[in-house]
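On the provided structure of chain A, position chains B, C and D as indicated by the hints.
There are 4 protein chains.
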Amino acid sequence: MKRLNWGLIGGGRGSQIGSVHRIGAQADGNFALVAGALDHRPDEGRSYAIELGVDEERAYGTWQEMLGGERNRADRVDLVTVATPNSTHFEITKAFLEAGFHVLCEKPMTMTVEEGEEVVRVAERCGRTCAVNYCYSAYPMVREMRAMVRRGDLGAIRLVVANFSHGHHADGGDVGNPRVRWRYDPALAGASGQMADCGIHALHLANFVTDDDVETLSADFASCIPSRELEDEAMVCYRTAGGVVGRLWTSSVAVGRQHGLDIQVFGEGGGFRWASEQPNQVMWTPLGGRTQIMEKGEAGLSGEVVGLSRVAIAHPEGFPLAVANIYMDLAATIRGDTREALPTAVDGLRSMAAVHATVASAKMHGTWMDARPPMFR
Amino acid sequence: MKRLNWGLIGGGRGSQIGSVHRIGAQADGNFALVAGALDHRPDEGRSYAIELGVDEERAYGTWQEMLGGERNRADRVDLVTVATPNSTHFEITKAFLEAGFHVLCEKPMTMTVEEGEEVVRVAERCGRTCAVNYCYSAYPMVREMRAMVRRGDLGAIRLVVANFSHGHHADGGDVGNPRVRWRYDPALAGASGQMADCGIHALHLANFVTDDDVETLSADFASCIPSRELEDEAMVCYRTAGGVVGRLWTSSVAVGRQHGLDIQVFGEGGGFRWASEQPNQVMWTPLGGRTQIMEKGEAGLSGEVVGLSRVAIAHPEGFPLAVANIYMDLAATIRGDTREALPTAVDGLRSMAAVHATVASAKMHGTWMDARPPMFR
Amino acid sequence: MKRLNWGLIGGGRGSQIGSVHRIGAQADGNFALVAGALDHRPDEGRSYAIELGVDEERAYGTWQEMLGGERNRADRVDLVTVATPNSTHFEITKAFLEAGFHVLCEKPMTMTVEEGEEVVRVAERCGRTCAVNYCYSAYPMVREMRAMVRRGDLGAIRLVVANFSHGHHADGGDVGNPRVRWRYDPALAGASGQMADCGIHALHLANFVTDDDVETLSADFASCIPSRELEDEAMVCYRTAGGVVGRLWTSSVAVGRQHGLDIQVFGEGGGFRWASEQPNQVMWTPLGGRTQIMEKGEAGLSGEVVGLSRVAIAHPEGFPLAVANIYMDLAATIRGDTREALPTAVDGLRSMAAVHATVASAKMHGTWMDARPPMFR
Amino acid sequence: MKRLNWGLIGGGRGSQIGSVHRIGAQADGNFALVAGALDHRPDEGRSYAIELGVDEERAYGTWQEMLGGERNRADRVDLVTVATPNSTHFEITKAFLEAGFHVLCEKPMTMTVEEGEEVVRVAERCGRTCAVNYCYSAYPMVREMRAMVRRGDLGAIRLVVANFSHGHHADGGDVGNPRVRWRYDPALAGASGQMADCGIHALHLANFVTDDDVETLSADFASCIPSRELEDEAMVCYRTAGGVVGRLWTSSVAVGRQHGLDIQVFGEGGGFRWASEQPNQVMWTPLGGRTQIMEKGEAGLSGEVVGLSRVAIAHPEGFPLAVANIYMDLAATIRGDTREALPTAVDGLRSMAAVHATVASAKMHGTWMDARPPMFR
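Chains as they are written, first to last, in our numbering: chain A, 1298 to 1674; chain B, 1298 to 1674; chain C, 1298 to 1674; chain D, 1298 to 1674.
The hints are simulated quantities; they were obtained by calculation from the structure and are not laboratory data.
Copies of the same chain are indistinguishable here, so a pair counts whether it falls within one copy or spans any two.
The calculated DMTMM-like cross-link candidates involving lysine to aspartate or glutamate, where the alpha carbons are at most 20 Å apart (straight line), are:
#	residue 1	residue 2
1	Lys1299	Asp1352
2	Lys1299	Glu1353
3	Lys1299	Asp1375
4	Lys1299	Glu1354
If we strip away everything but chain A, and leave its shape as in the complex, we get (with noise of 0.2 Å):
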């Protein structure tokens, strides 16, 4: 099968999200890099793309270069990544998709619930994928639990608890630090701080892992350093579309805990869990029955799994071929073979739309709202 044409926004030299998606991109032979505009600073981008082995004339300077550059080619690019700041996400994302391209967005997808609904809009009237790289979910073996689910092994779910806690940001003399003060500062980081830096990831696996949306809310938040002005410290109580009762906990002061991703699933049949930090294991709890151990790459895993995991059992595989799924996924969907598991415009939407539910119940003492986007209520 023929190497599709691959663009990079954004990634340059020495960022870590740059290098992921050429690893994840590039992992399985489907994508050859031929066009980027990789840096804020023009020359440093060309310079850049031109050594990982793009032609002259597709290392654009900017994204509107690389816009308007590929936009008419026969060779054109046939999935662009925008991996820019946050705040840059929605026009890009929304200019490629105009243009007929298909796109994988970093998360947030978007700034704003409007902007989130338009990017919806936009990628359906253009027929093009948008996708957002939630690649937690592209873990074999969250795969797998969201096929039990569906496959009924836990019956109906009655519970799902969900947690990206770690304490990275735990240092209050560290306030200075540009690497962190960003993200709890409203002026670069948006309405929301830990909630939208990491609590929304918990909330998108939550989502995917049970095959069912967040419908109503409540949030306490909490600035454990006092100087935030947002907040670095959440719980989430909420219900689902399908009645499930949820419990999301975030948090970027509690030192110890290293990436701090982990999920819980009870239902009438059984319950499990999964961390990030050993992703190639879910416990498994039949109702009445003994924990087990299932292992990424054991024999009678679902169909759809198989092929998401490079290595036999038990040879760790990590984030960065999570990344590798969803390009993956992204292949198929290019070629004509939709994949569904892909997470798309809609559940950047529903996840920013639930954030800024939980900044406003906070604001409110917890008081529940909806957490729907306008457009799926």
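What follows is chains B, C and D alone, placed relative to chain A:
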């Protein structure tokens, strides 16, 4: 040192709680069982007491007989343990306190806040110790955590997360099981189900470790098994008197969680976590440093916990010997060396008041409530 | 059922082993401490016994006095526990057996194979039970493992791997510490250091769980701290009577390993593993299936282990209550309901013979040796 | 920096090893796949190479064609990876080295010690790098362990315990499975089964981490599935050139162990352990201190490992990116910045010589043998 005289009410043949109290009271040679009213069936209780070595004349048929028989003896019992059904705790505890006995009462100390305040007043007036068996707080490593908080190892505490969630009442087909059903029936369990049964332990544990008290709270309850009138699932957000943010999750439908009691505390200077299923370790992470595994019995623990362990480092000690530590504290207190770590009627009252506040909050959609007993407001 | 009379030799004030035996013997109300010779200092031993509730006339100054005092009493002790220094076990045990007492001897039962054979013969001749405190074999989940092997869950056993390796004697600067030094001094410890101290437990455990006996072996010893005359590190390869392959590693310089006793057994139909630091779980993997976490107290365990646990599933029980299970077996056996899982003089002899075989093999560069005591060849 | 030209031999469509090498070589943009002889079926190999972006003229049918085609090109490949069946490694590796190419050879580098010595001599004579894919040694935390040993954190090393034991060949009914059977057939696997397949990795890892070499050894082999001519179970005791005591266990019938590679190292000043199933952590215990959890990506790791990780602390990285680290070292070495941590032909030879010594020792009932290749004695 002479052994103290001990009497037990409840805890008859085959009861787990009776076995645990007998192991706990006698483990260190501090107490000798000399009196008992062990069963609601007088003959059965008397014969079992005699089998356990109690003299015939002190093998009582009822707690009232025991109260009458012991109150005027020169060698009367130094301590009475109340291990009867929950609804009888108040009456028995109050009667023995008023007759001048020290009492160890099983949790919950009372069914209502009013009764709890009454027990606090009676104990104070009579100058007797009324302890409550919040035995998780007596594990050596739990005591060590509190010592660390008090010593300032964590700096100012910011956040505490306590869970007591298990899956042993998750079987929807099990609604007729009397060992399960009464817990969710307001006629037998009172105002609360899972919060009063398990959440209350997590609440006491959090207060104990952080040396602080819950002040206000907001709760979300659910009956995941809909036929239950009382909650089997609850999430509580709270603030302490000291301004700490608290989150407390309790559930009995979390299939796959076994014991399910754990706590995490995060401060300016570090964080730690402990779980009752591995009670001999604490995971401690100083800010900016690595997570360290602290072991029961390791060199350098604070003096107050050294005597609470009976076997060398890495030889596990479990639940019954945590109860033995409650008795060790009681023996010392009765002999005049008061142990302030011993949970008393004030703790029994405070935790019961907080449970009642969660019930009220949950009924009002999570409205924040004062969690303190009226006498401490 | 009437309590049995129990006498203790050794285990004086402040000794851990004494505390553990007293908790163990009295935990289930089977034994009452009525006689004791608790200390090599007669007065100290007598006064401590009285403090523990022993009548003055049965608070003896020496084991010889106790033997003389008890042998002709109508209410003489039903069981004597020998918890004195290793080199005295043989003499005391033999004397009490010959006087018609049941004995529980601490390990090692004797210092030589010849003495071990003598104890076996004496116990048989006198028709008394001589138990040896291989208490790890009395954890409920260890008993369950043996039940699984016997029931055929693992099919024919192929391989057993047992380790007892810790790091508590790893400090080279600590050579003068008398609590450590004697273990590596042949004048005090006998022919072997770490094998006789710890390896012997792993050896018994492996034999117990697989219901088989080591038959031939090859050993490699090292003194990682060179000033030690006896080994602090040993690896043993062996074969059992049943043809099973064995590997046994024991070390006292393995810094970071805490208790360090664990076992893995692999058969045609599956494998399991257990570690003393988490004694309430077994990890069991049927061939071709997932690893399952078995829990002490779960439904469906074999009948013989049900009584060995005193608290519900997931409430941890530790080392002292494993010793209590030895006493529970002893009480049943003395009352006429013989418990074949109880470790006896034959086990004490077999394990001592195997230790001596490792010493001989290690001296001859790993030459394979017969590990059986002469009387069982 | 310009990308290097890379050629791959073997690793055709559907092969796991091919996928891993392609991910590894391209992950960091150091190598571009420009030539390949990917399959023993020439047409299939050519078409797959073209699909992966190789120019038609460099999509070769055989490795001999590739050697002929590349040797005289100005833009010839900078590195050839040999990922063919084991018995062909020697011939291909030697041929490419002699033609002046750098080579990365899959393990085992050769089938015999003599061939291994020949490769070492050829590589030296030709001045080319011959690397061997002992990729476990390229995990960042494994590199960090070696850095700690070299820096003296553990003081003089006393003891190393390495295991590579899994249960994936434990099914006695599976003897006809060709993916399993060849490993235990001397006609296909050579002199050793499990030692050559897995034990050799543990052996290299132990040598690598301790920066030392096995010198003498004693081995015990077993065929737990009796129809196997070669061993499926082995225990090796050894001593290193530096006087360290070694124990190495490898098995393929250990049901329930998944990947099963782990290592523990103990020195005068502390000990650590690492397991391939959780490759991002090291458990480190300084003598007299607490066990600490070291994390990939934490602050303060030694400089040489910083570049070996692509995502932030606690984002897991797995097996394919350990292989990528081998390629990163190769790229640096080829560009003139020699990386001494890269496993080379000398490592391939030493480990093969030790495997052959275990075979000889096991045949002679564990007689101690010289484990060094003749050229290094």
